[in-house]
Amino acid sequence: MHSMTGYGRGQSTCAGVKLAVEIQSVNKRQIDLAINLPATLAVFEADVRAAVARRVHRGRLTVTVVIESGAAGPIVKINESLAHAYLKAFRGLQVSLGLNSEVSLDTLVRLPGVIETSHETGTNPSVKTALSGAIESALDQLMAMRAKEGAHLQRDLLKRTRLMHSILAKVKRLRPQAIARYRSNLQDRLQKLELDVSTDDERLAKEVAFFAERSDFSEEVTRLESHLDQFEATCRQPDSIGRTLEFIAQEIGRELNTLSAKANDVEISQLVVQAKAELDKIREQIQNVE
Numbered sequence: 612m613h614s615m616t617g618y619g620r621g622q623s624t625c626a627g628v629k630l631a632v633e634i635q636s637v638n639k640r641q642i643d644l645a646i647n648l649p650a651t652l653a654v655f656e657a658d659v660r661a662a663v664a665r666r667v668h669r670g671r672l673t674v675t676v677v678i679e680s681g682a683a684g685p686i687v688k689i690n691e692s693l694a695h696a697y698l699k700a701f702r703g704l705q706v707s708l709g710l711n712s713e714v715s716l717d718t719l720v721r722l723p724g725v726i727e728t729s730h731e732t733g734t735n736p737s738v739k740t741a742l743s744g745a746i747e748s749a750l751d752q753l754m755a756m757r758a759k760e761g762a763h764l765q766r767d768l769l770k771r772t773r774l775m776h777s778i779l780a781k782v783k784r785l786r787p788q789a790i791a792r793y794r795s796n797l798q799d800r801l802q803k804l805e806l807d808v809s810t811d812d813e814r815l816a817k818e819v820a821f822f823a824e825r826s827d828f829s830e831e832v833t834r835l836e837s838h839l840d841q842f843e844a845t846c847r848q849p850d851s852i853g854r855t856l857e858f859i860a861q862e863i864g865r866e867l868n869t870l871s872a873k874a875n876d877v878e879i880s881q882l883v884v885q886a887k888a889e890l891d892k893i894r895e896q897i898q899n900v901e
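To convert, note that position 50 of the sequence shown is 661 in my numbering; the numbers rise steadily by one, no gaps.
Bear in mind the hints are in silico, worked out from the structure with no lab data behind them.
Values in this document were obtained by computation on a predicted structure and should not be read as measured data.
Note that CB positions come from ideal geometry on N, CA and C, so glycine has one too.
The reader is advised that the hints may include incorrect statements.
[Said to hold, decoys possible] Simulated restraints on C-beta separations: (1) Glu691 with Glu713: 13 to 21 Å; (2) Ser829 with Asp643: 41 to 49 Å; (3) Arg660 with Pro736: 13 to 21 Å; (4) Asp643 with Glu691: 18 to 26 Å; (5) Asn647 with Arg894: 28 to 36 Å; (6) Lys639 with Gln885: 28 to 36 Å; (7) Ser707 with Pro649: 43 to 51 Å; (8) Gly724 with Arg894: 56 to 64 Å.
Whenever a hint applies, use it, and build me the whole structure from the sequences.
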């Protein structure tokens, strides 16, 4: 089990180029990558995205890449033919308008396309090697943190499912007592109404039998135990399991609602409330499971 929360930092140097990569991760239902690259490394965005997606399947991740040293500076090129064309056009305009002002160099270099800048960093194989090494190092650290946090989540989730198993065991033990209490309470009410109904009266037996059938939640308990077993087995899987756990928790909630409606007994209802409280905590925790 892995958490979706984590942080990793990696550095790598190759042929004098030193890069640093930081990756921050928080929970989100799908994978969402925000990649911050220097302009000189923009060509590698697809490579960075693919490297992260190979190892991370859920969560919002922010990847920041910094060139710490060794990268080549920008290359500046002057488009002289374009500058001459601008100058010729300006002088033609001066003649037609009868103006004597000269066009300054400062004006020319600010015109679109006269000065062009480019970078060799993006085509330098040493940069790509350094970037790959820094990303993998940052991912290793990130995954280690996510695994450590995931282990804490797993222990907490399994503790809560064990508690829910014990609650269901109490519910099963209480059912015969609930039926007996219903019979006793029914007899008491009839006696207060001064109705002559014996303990072996057929009408009383039918009413108790009807109550027992109406409040029979054995199927719900069986399904709940099965869902809890499945939840625990899924928790122990190494894959991306967050969505599966969310689905199982949803099914557990449905069965608890049905059980609550059928219980018709104070003690059992209180136990169901306890189980629902544990389920709420489980749902909160699995929001951070990858």
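Inset, instruction - Return the numbers of the hints above that this structure violates; sort them in rising order. - result: 4
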